[in-house]
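Q: One letter stands for each residue in the lines below.
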Amino acid sequence: MNTYPVLDIEHLSNNTFRLRVERPDIAIISGQCFNVGIPDLGINREYSMYSSADSKYLDFLIRSVDGGLISSELQKLKPGDLVEVDGAYGEFCLKDPLNKSLDYLFIATGTGIAPFHSFIKTYAKIKYKIVHGVRSVDECYNSNDYEDGAYISCISRPNSSDNPRRVTDYLRSSEIPVNTQVYICGNRNMIVDVLDILHAKGVSGDKIITEVFF
Amino acid sequence: MKIAISYPPIINEYGQKAMVSQNRNVQFFKEPTYLLPVTYAQAATYLKEMGYSVYWDDGNAQLKTFDEWLDDLTKEEPDVVVLESTTPVMKFYWNTVDRIKQELPNCIVIMTGYHSMRKPEETMKMCNADMVLRSSNVDFALHRLIPFIAENDNWRSDYQGDGMLIRLDNGELRSTGDFRHVEPLDSSPLVDRDFVQWKNYAYENGNFLQTPGTYASSVIRDCMFGKCTFCRYNGPDLTFSMMSVERSLDEYENLINNYGVKEIFDDSGVWYRGKEARQFAQGIIDRGLHKKDCYFGINTRFEYLDEETIKLMGEANFRFVLLGYEAADNETLQRLNKGYQLQHVEDCLRWLTKYGLHPHLTIMVGYYWQTQAQLDKTVSEVKRLMLRGLARTLQVTLCTPLDYTPYHEECIKERVLLTDNYDDFDMSKLIVKTPIPHDQYYKAVREMYSIAFHPRFILRQLVFLTSFKKRDWQFLFTYGLRAIRRVRQHIYNLTRHENSTTTKEFF
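Listed in order, the protein sequences are those of chains A and B. Under numbering that gives the first Met the number 0, the first residue of the first sequence carries the number 0, and numbering increases by one thereafter. Under numbering that gives the first Met the number 0, the first residue of the second sequence carries the number 0, and numbering increases by one thereafter.
Looking at chain B on its own, in the form it has when it is part of the complex (with noise of 0.2 Å):
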């Protein structure tokens, strides 16, 4: 039997290039980021492990075309074929299935994804999927129900496993439940590399400052917390589940040792706290990981690590920790359940900055109660960290209700939305009623990335040069002109709607 694991090429009319791997809020950019799906490589390893003929089918970080990437598929003539989705690629996708099922009738195929987990009688009724799997676990479903089709004709009726809405022979749908199969972390195998392709996720990322750069199998599976109501990690339908240290680790040392890594960052929605970041850290430093240039990558929360833990990652490496700053007020913080007091936010950026860590804030902006002065409080409370050095670089983008998460029927049941065209969800304008006109929202985000660019910002940075350490004089040399190069396509993704009519006229 033979698995197809498939991201078709995306390009919407300005010929930018959507990212849908790794559970990505999708945008589209000219030039793009190239994201391992970790999970699903895990998937694909798991199944060829088992014995399995799998298709690893990035179109996007092979550079196919759709085209050229739907006829190698074609000729691949694929058993099953397992596809990724999220909300504002949904009309893509089950056009996809469509064209998948003409070219191949016979082949299964299955649909996976936050979207379609959440709304799966939606997606079995405008395509001809053969299948939703319910769950972001899809190493450990697939290989629950992979072997069980290829061993049983009638597996739309018979097979047990939770988690799937079925299409029978006969049309209608078969639910096996919710799915609660989740299983240790440590029973997915790590990712195996050579079969992903790595080298083609290794460079286009702007994550790192060094490279070739690769993504670790993830040490956490969802969220620790996972109750932040804008993001996917949150609802009954998720669990959390972690990886033991010393297994992260010999996945490190591999990287570094037998394939030249020289920065992985881990994009668990949240990495270790406590004692497993500080088992980490030293088990860095005691394999000597520390001393081979290569640097190592987090998200974290605020109050989450503290300055010991912190003192430690620094005398391991670590240098990109990535944060949610989603506000600098509390009613905002409150309302999406972020779960930290912004007291707090100061005292751990300090630390991060202290022990040679490059703390990277992640800022929205727009959410469906946001005024004025809430918004302009974020934006100077940004420029206030930026410009004392405290984070070192900066994203922002238009808070877009996706995939059915709590703000997403949130903004549903409160009636703010301003359409229902899933087209709209892809972050490049706002799509929710306002208190303010959009416009201001847009401007902030202007405001924002523009502190990149100011003489504050600047004279920091050669500050920082100060200390000697490599990392600094690479984030302004090297990494300061693809930031430029990034900041200008944000501005004009999360700008290019400023003064349209489409946005103005509701207000």
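Excised from the complex, chain A in its bound form (with noise of 0.2 Å):
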């Protein structure tokens, strides 16, 4: 049984929360994700690891989601109690870490920032952007965790008189070099739309990997 237990749980805003557990004594490549199941549930579902590859435990970001068994049941565990992790799986990983000449650009919506925040709490020295698509500014999670000018939220629904704001607009107004390598996770629609445009500017699909939430 790959049961581990729950260390610590940080609800981050209303329905989205950090759950960490014990590390599986396992290789884990930043940027994969496991099955994360309650014991005895008899069913699973996938979670990108939100915590550094090195790292002594596995965070998760998670957003429960209405209807959704998996996770409004984790949303509810306490330190102590078990979880079924299975895993890592995946590709959804830097091609090339430890070469400083890249340029990314991460961009994700909710919580598809997950592999990016592990991304750069894996590897320092990558030279990065990432672009956030959230709904309010309490979805911005652990947006001090990136280096100051790296984080660019948009938010939808802002609390103040700021403009509305989708990844999609900053994308259609920024200069995005071909030679970027761009990490697109998250909702699928977005997905759809940021690949429209970089396509219009110019970034070839050889530099372009995508993981969809769902």
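It is possible that part of the hints are untrue.
In silico DSS-like pairs for lysine-lysine, Cα to Cα no more than 25 Å straight-line [as the list claims (entries may be wrong)]:
# : chain 1 : residue 1 : chain 2 : residue 2
1 : A       : K94       : B       : K118
2 : A       : K206      : B       : K118
3 : A       : K75       : B       : K274
4 : B       : K63       : B       : K29
5 : A       : K94       : B       : K63
None of these hints come from the bench; they were simulated from the model.
Dock chain one against chain two, each of which comes alone in its own frame, and use the hints as you go.
A: Written as structure tokens, this is what we have:
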């Protein structure tokens, strides 16, 4: 049984939380995901890791979705409870993280920022910019963890008098060098729209890697 | 402009036909199954709706010989021919491309399919194809490409859409980069059933308990998990997109009410789960489609569907549920990146059976690391599940590295591949070095298929009759006979290499 104790749970907004569990004794590459389940429930769901690949624990950034059996049960967990963790899986990883000449553009919506948070915690020297689409300011999770000026939030329903902005608005008005390595993670509609914009700006498909959250 | 979407008939030396469509692992069968290639059918529908002349050309389903097929294609004089291929028939396809180019020198031949998309340069070298499409999203790619070709004489040098390897007029190859241009699945049209002659695919299909049956326009393109190492739906060139529930329900309603379909199978790599699965099943009930004597079938994964969802699916008249049960040992599941744990297998099967669904297990044997102990465990677990009535049918295949999936690449890297002749990749024999003789795997295949004739299995089916569900009676009397025929074919195909020197000499 691949069960591990919950070490901590931090509620970041009404429906989003960071779940910290004991790390399985396996090789992990930053950006990979795990299947996470509640013991005896018989189902699991995939979540990307939020923490560094070198951490002594595994963090997941999870949004509790309406009708989502796993996410709503995970939200109720307390330290010491057990979760099933199976993995690590996937290839949504940096191809050449030690190459300092590469510029990375990370584009995410909501909890799709999880693998990018893991990247920057794992590879301290990469040059990056993160464009994060969220509905409200309270969804700018751990925004202080990023380098000064590297985190750009696009808030579609801002609290103040700020103009609402989407990831696509930002990208349309930005210059994107064609050699930028682009990673996109999150809602599939956003990904489709962003691919159109990147294509129009001359960024080749060879430079783009996507991971759909569903 | 006329576009042919073509499937040449492929017949082997034993007179067996190969199925290529719908991304199947090619296997040759005397009594073949005709599967509607859904994405290509959507592509054909899309192009037709755009006003192009489209020639739907499935030589297999239309029961043509190769010569008849080529003759008919030549007479049609298409401007573009689109072919779908996979590893075991690459050599056949390369020859076919050259035959087409011989007969129709000005025709543009586009190669698609998972093998070509992963090794596009190889195909361009081995035949005179004009282009390789490096994407499984054939409908969306052609939707962009064909109008460009129609309007631009210099399309070879000027086309900018991604995911193409194009032969230029001077013979050089031009790549337009990796395919990333995925569009919302709802943008692709639902299959025009009349246009693709749906009845050609409605009867000869072992998955249908009652006919006419059909395949739905898949609700998922590629796979939402997409990490199993042996599977084509894996890799950075693939992504995942999902059709809206209401749209799929509309199609089911149309198929049942206007076409009289009695069984609908959605061949998405993995069907909806969670909220969408419940919405779909509830939608079937709300529209009254569960009372129209039509069964529904899907592919799913262990640990994807919870009991509440399965219960609702039972009420909605779902029947056939296909689950990959690749092995009964954790090491193999981990090496394959399967993403489920063995302790949950029984829960899922119990729920499915409890609510009247018919679970179908797809098992594989012959991984290059598989020991006798691992093989024995798989056989005994499969036997246990079948004899306890937790699964109703099964299918066993020899794990064959194909289409440069991660498992295929791993076999090359580990130097365990016994052949590099693509003709040998037809799943009729093991082609990897294994820790035990190949005959042991063939024996296991026979043993698992023979469960269908075990007195306890037959008794279990008789016990199911006491539920007085029509499907259980059909299962025993209609499906049973068909199943025996198919089991004999599978055993013949999978074990005809038993005791052959070609496999033994490698130990």
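Q: None of the hints should be skipped; say for each whether it holds.
A: Hint by hint, here is what the structure shows:
For the hint linking A/K94 to B/K118, the alpha-carbon distance of about 20 Å falls within 25 Å, and the restraint holds. Proposed proximity of A/K206 and B/K118 is supported: the alpha carbons are some 19 Å apart, at most 25 Å. A C-alpha spacing of about 20 Å is found between A/K75 and B/K274, which places the hinted pair at or below 25 Å, so the restraint holds. Under the criterion of a C-alpha separation no larger than 25 Å, the hint pairing B/K63 with B/K29 is consistent with the structure, at around 15 Å.
Simply put, A/K94 and B/K63 have alpha-carbon atoms about 48 Å apart, too far for the 25 Å limit, and the pair is violated.
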